[in-house]
Amino acid sequence: MSRLDRSRTSAHQLRPFFSSQNLLNRADGSAQFDFGGSSVMCSVVGPAEVKLRDEKLDKATIEVVVRPLVGLPGIKDKAREQAIRETLEPLILSGLHPRTSIQIVIQTMKDDGSILATAFNATILALLDAGIPLKSILGAVTCIVDSETNQILLDPTTQELANAKSTHTFVFDNKSSITSTDNKQQEDKESVDVATLYSDSTGLFSEEEYFECAQICYKAAQAIHGFIRTAVQKKLEKEQQQIDS
Amino acid sequence: MRDTDPSTNERDFLLAALKDGARIDGRKFYDFRTLRLTFGAEYGAVEVQLGNTRVLAKVSCEVIRPYTDKPTEGFLMFNTELSPMASAAFEVGRQTDEEVLVSRLIEKAMRRSRALDTEGLCIVAGEKVWSIRVDIHFLDHDGNLVDAACIAAITALLHFRRPDVTVVGEDVTIHTLEQRNPVPLSIHHIPICTTFAFFNNG
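Chains F and S, in that order, give the protein sequences.
Residue numbers are given in this note's numbering: position 105 of the first sequence equals residue 105, and the series is strictly consecutive.
Residue numbers are given in this note's numbering: position 10 of the second sequence equals residue 1010, and the series is strictly consecutive.
It should be emphasised that the hints constitute simulated quantities derived from the structure, not laboratory data.
C-beta atoms are modelled at their ideal positions from N, C-alpha and C, and glycine is treated no differently.
Accuracy of the hints is not assured; some may be wrong.
Label pairs and their computed distance ranges (CB to CB) [what the hints assert, rightly or not]: (1) S:V1167 x F:A48: 27 to 33 Å; (2) F:L236 x S:N1052: 20 to 26 Å; (3) S:T1166 x F:D200: 38 to 44 Å; (4) S:A1022 x F:A195: 53 to 59 Å.
Derived list of chain F stretches under chain S, where covered just means 3 residues or more per stretch with a C-beta under 8 Å from a C-beta of chain S [stated by the list, open to error]: (5) 25-32; (6) 66-74; (7) 104-113.
Full structure from sequences and hints, please.
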């Protein structure tokens, strides 16, 4: 089948992703992550000085600011801020930096659907670039259930999102795994024993559809984990080369 | 987080170097940093890099009702909110003096100089006009935000294409991008800002 953006042939195919790190000079860590036509840049400053009213005695205060591409920040951006902050709070080892602040700023550079997932991935890359201690990394993917074909499409574009019956964003960490039974006939009854860090669904959908989406997104998230690992590896190799030369 | 002032050593070194005719990064007094423009896939999106200073500008348009006392004039709005991404010294919600300065200079350079023809944004007098919105995002602050923002804004406006409109009597059809090629904005001239800094009273 051919997807609306014509560059992909399968329903379960992600758009080509691309990332770059250490782009900004004033931030401690920065990264840009692209899912095809959607691009989000994230900057991390921390651990740094914290305002007295936000100070936490035993942890670092995590602040998230989301800036849209067009217009003034609205409630949608505030919702994204909350989503990202609450997902990252258990992930960042904030106990190692008490009474400091870790400020994360997210700027949408190009919008072609799946912005929240792109933002999550950019954030984790920026946190790694800044050297903030983390429990694990995360991988985020969006998928929709198309209203006409009832098919699950991974990583939708803005055009595909307009035809969606339900939209789901999943964020998985890289420490858990799906426990599968050895019997192949029971593949579709696999127990999904995954640690879902964040799940957001809108629209009309059934319980089966939800778990099927979770499965498909989990496999895609693993590809993103691998990509993040390679990206950081390449960056460190380049830095090592610069030091050696 | 407040920005720390440069140390006494840094300040003395800078002033002493300037007296000898040298700048910290090796430029001559009237040299600009390397300017790089990157255009996005969409019309009206441009990223400007002036040395390490990075600014992103995005133009968008919508059709709204004009003011009753100016029925043939369209709208041109600038949004230059400084985010903490550019520098940790900028806080959300709090407008620093620098932010106000940048905002006012951009408005003066673009709007008061009438670079963009707002009369040309009229579709149906008194009912429908185009409202052009330029969002300027500051990504990295390494000095001279005004110049970079000005270049970003005018380049984005030049790059932007608005949907084509046909008016037949009272009937207004706004063509989609598939139906008709979008139309550029009518820009009379290209305002460019140049910032000078004076040391030791000249």
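Structure-based check of each hint:
In this structure, S:V1167 and F:A48 break the distance hint of 27 to 33 Å, their C-beta atoms being roughly 55 Å apart. In this structure the hint that F:L236 and S:N1052 lie 20 to 26 Å apart at CB holds, the actual value being about 23 Å. Checked against the given bound of 38 to 44 Å, the beta carbons of S:T1166 and F:D200, roughly 41 Å apart, stay inside it. One distance hint, 53 to 59 Å for the beta-carbon pair S:A1022 and F:A195, holds here, with the actual separation near 57 Å.
Beta-carbon proximity to chain S at under 8 Å applies to 3 residues in the segment 25-32 of chain F; the threshold of 3 is reached and the given coverage holds. Figure legend: the segment 66-74 of chain F, annotated as covered by chain S; annotation consistent (5 residues with Cβ-Cβ distances under 8 Å, at least 3 required). Given as covered by chain S, the segment 104-113 of chain F passes the check, having 4 residues with a CB less than 8 Å from a CB of that chain where 3 are the minimum.
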